[in-house]
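Engineer: What follows is the residue order along each chain.
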Amino acid sequence: MTIQVKLFGQLRTKTGQETIAIESGSEGSPKLGDVLADIAQNYSEAKNLLFKPDGTIAGGLLISIDDEAAVPDPDLALKAGSTVTLLTAISGG
Amino acid sequence: MSQFRCGEKKVPLTDEDRAIWDWQIATEDLGEAGQERLKGASVLVSRCGGLGSVVAYELAAAGVGTLVLAHAGNLQPSDLNRQLLMTHDWLGKPRIESVRRRLLDLNPRLNLVTYNANLSEENISEEKINEIVAQADLVVDCAPLFTERYAMNRAAFQQGKPIVECAMYDMEYQITTMIPGETPCLRCLYPEDPSGWKRKFPVFGAVSGTVGCLGAVEAIKLITDIGDPLTNRLLCADLRRGTHGEIAIHRRPDCPVCRSL
Ligand SMILES: [Zn+2]
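Going down the list, the sequences are from chains A and B. Just add 1 to wherever you are in the first sequence, counting from 1, and you've got the numbering used here. Just add 123 to wherever you are in the second sequence, counting from 1, and you've got the numbering used here.
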């Protein structure tokens, strides 16, 4: 099962990717926390935009699943075909 | 439809006003009554950089009666790619004076209240920020630092005033309109600032100007009750790809700013 992840803001700059496809194993639904951990593992510069030092999900990250903001719960089960959009807080100036 | 109204004060138009705003008074659901609301309104724009310059310029052009503006520091060469109320001959001089000069060139009838300061609690007291926000019917947040953005969010929500959140980065923008008691606040959306955020980030003036115009449109809609504000949804654009999308956003029941509203 594949989960499409769209990246915006600094996450795009730090990973050099606009979209990442994450393949999960055949056992059960992939969890939101696993998807974020997969990105953090493959793109170490993006890790602190995804997780706080204590391992919880970063507060400057907005997670949307199929265009609806989601509670940042690492145990949230993702459905097949879901698109996860990760936005970081941005500003003016 | 929002129950919120912030354009309650109407100021009668003069013949000169009617001549200047003739083309927009022709907007069917605005009319002269809507223009009187714009004339009676006061909007805080902080800061007047790449985003806020364009917001303030469009609101001055639209005939908003009073603008409360905050923008500190002296003009630097690196401001000139996006801060459209600045001019090359003003380098080294206070930015806020250039803002005042350029806005009054366009609209000499405008009431301006200007602060050579940035509205973060590190720079000025919470009390002073409250006092500045209290002068406006609504706020357009155009600040680069999250300390400023959170300070304005707190003050606006405490005072029951809507705040239009405009933001840009690289060739992307995000915008949403927040109304106390009806929508999430900035702390609901982003409880903390992003790790490693730096004051300098990549952006074109055409990108900040795009979202600045949208921010001005949101302010005009809130004042005149035209259309549907961008509430409970975040409009996001990737101008590199020419794509736009909307995300439904929600209040956080544990939000320290707005949970009791
Ligand atoms: Zn809130």
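Treat the hints as calculated values from the structure; they're not laboratory data. Each hint should be verified, as a subset may be incorrect.
[To be verified] Okay, the calculated beta carbon distance ranges per label pair:
| hint | chain 1 | residue 1 | chain 2 | residue 2 | range |
| --- | --- | --- | --- | --- | --- |
| 1 | A | P75 | B | H373 | 15 to 25 Å |
| 2 | B | S201 | A | D74 | 48 to 58 Å |
| 3 | A | G82 | B | G365 | 54 to 64 Å |
| 4 | A | E28 | B | P325 | 51 to 61 Å |
| 5 | B | L227 | A | T3 | 38 to 48 Å |
| 6 | B | T366 | A | G60 | 21 to 31 Å |
| 7 | A | E19 | B | L227 | 37 to 47 Å |
| 8 | A | G56 | B | N197 | 41 to 51 Å |
| 9 | A | G26 | B | Q199 | 30 to 40 Å |
| 10 | A | G82 | B | A371 | 47 to 57 Å |
| 11 | B | L229 | A | E46 | 54 to 64 Å |
| 12 | A | G82 | B | D212 | 32 to 42 Å |
[What the hints assert, rightly or not] With a Cα cut of at most 27 Å, we get these calculated DSSO-like pairs of lysine-lysine:
| hint | chain 1 | residue 1 | chain 2 | residue 2 |
| --- | --- | --- | --- | --- |
| 13 | A | K32 | A | K48 |
| 14 | B | K323 | A | K53 |
| 15 | B | K132 | B | K321 |
| 16 | A | K15 | B | K321 |
| 17 | A | K7 | B | K323 |
| 18 | A | K48 | B | K321 |
| 19 | B | K323 | A | K48 |
| 20 | A | K32 | A | K7 |
| 21 | B | K321 | A | K53 |
| 22 | B | K133 | A | K15 |
| 23 | A | K53 | A | K7 |
| 24 | B | K344 | A | K7 |
| 25 | A | K7 | A | K48 |
[Said to hold, decoys possible] These stretches of chain A come out as covered by chain B in the derived footprint (C-beta under 8 Å, 3 or more residues):
| hint | region |
| --- | --- |
| 26 | 28-37 |
| 27 | 65-79 |
| 28 | 83-91 |
Glycine included, each C-beta is placed from N, C-alpha and C at the ideal position.
Engineer: Each of the hints needs a verdict: does it hold here or not?
Structural biologist: For each hint, the structure was consulted:
1. Distance hint for P75 (chain A) and H373 (chain B): a CB-CB separation of about 18 Å, consistent with the stated range 15 to 25 Å.
2. Distance hint check: the CB atoms of S201 (chain B) and D74 (chain A) are about 41 Å apart, inconsistent with the given range 48 to 58 Å.
3. Between G82 (chain A) and G365 (chain B), the C-beta spacing of about 25 Å breaks the proposed range 54 to 64 Å.
4. For E28 (chain A) paired with P325 (chain B), a C-beta distance near 41 Å fails the hint of 51 to 61 Å.
5. Separated by about 57 Å at the C-beta atoms, L227 (chain B) and T3 (chain A) break the suggested range of 38 to 48 Å.
6. Between T366 (chain B) and G60 (chain A) the C-beta distance comes to about 27 Å, which sits within the given range of 21 to 31 Å.
7. In this structure the hint that E19 (chain A) and L227 (chain B) lie 37 to 47 Å apart at CB holds, the actual value being about 43 Å.
8. Separation of G56 (chain A) from N197 (chain B) is about 44 Å and conforms to the stated range, judged on CB atoms against 41 to 51 Å.
9. About 53 Å separates the C-beta atoms of G26 (chain A) and Q199 (chain B), a value inconsistent with the hinted range of 30 to 40 Å.
10. For the hinted restraint 47 to 57 Å between G82 (chain A) and A371 (chain B), the CB-CB distance of approximately 18 Å leaves it violated.
11. A hinted range of 54 to 64 Å for the beta carbons of L229 (chain B) and E46 (chain A) is inconsistent with their spacing of about 44 Å.
12. A hinted range of 32 to 42 Å is violated for the C-beta pair G82 (chain A) and D212 (chain B), which are about 57 Å apart.
13. Between K32 (chain A) and K48 (chain A) the CA atoms are separated by roughly 17 Å; this keeps the pair inside 27 Å, and the hint holds.
14. A distance of roughly 23 Å separates the Cα atoms of K323 (chain B) and K53 (chain A); the hinted pair therefore holds under the 27 Å criterion.
15. Of the supplied pair hints, the one linking K132 (chain B) and K321 (chain B) is violated, its CA atoms being roughly 40 Å apart against a limit of 27 Å.
16. Only pairs whose Cα atoms come within 27 Å are accepted, and K15 (chain A) paired with K321 (chain B) is accepted, the gap being roughly 14 Å.
17. Proximity of K7 (chain A) to K323 (chain B) is assessed by CA-CA distance (about 24 Å); at most 27 Å being required, the pair is judged to hold.
18. For the hint linking K48 (chain A) to K321 (chain B), the alpha-carbon distance of about 17 Å falls within 27 Å, and the restraint holds.
19. Proposed proximity of K323 (chain B) and K48 (chain A) is supported: the alpha carbons are some 21 Å apart, at most 27 Å.
20. Restraint check for K32 (chain A) and K7 (chain A): satisfied, since their Cα atoms lie roughly 16 Å apart, inside the 27 Å limit.
21. Between K321 (chain B) and K53 (chain A) the alpha-carbon distance is near 18 Å, which keeps this suggested pair within the 27 Å criterion.
22. Only pairs whose Cα atoms come within 27 Å are accepted, and K133 (chain B) paired with K15 (chain A) is rejected, the gap being roughly 49 Å.
23. Proximity of K53 (chain A) to K7 (chain A) is assessed by CA-CA distance (about 21 Å); at most 27 Å being required, the pair is judged to hold.
24. The suggested pairing of K344 (chain B) with K7 (chain A) is violated, with an alpha-carbon distance near 31 Å, which exceeds 27 Å.
25. The straight-line distance between the Cα atoms of K7 (chain A) and K48 (chain A) is roughly 16 Å, inside the 27 Å bound, and the hint therefore holds.
26. Coverage of a stretch by a chain is defined here by at least three residues with a beta carbon nearer than 8 Å to that chain's beta carbons; for the region 28-37 of chain A and chain B the count is 0, and the condition is violated.
27. Residues of the region 65-79 of chain A lying with their CB closer than 8 Å to a CB of chain B number 4, which satisfies the three-residue condition for coverage.
28. Restraint check on the region 83-91 of chain A versus chain B: 5 residues with Cβ-Cβ distances below 8 Å, three needed, restraint holds.
In this structure, the earlier hints numbered 2, 3, 4, 5, 9, 10, 11, 12, 15, 22, 24, 26 are contradicted, and the remaining ones agree with it.
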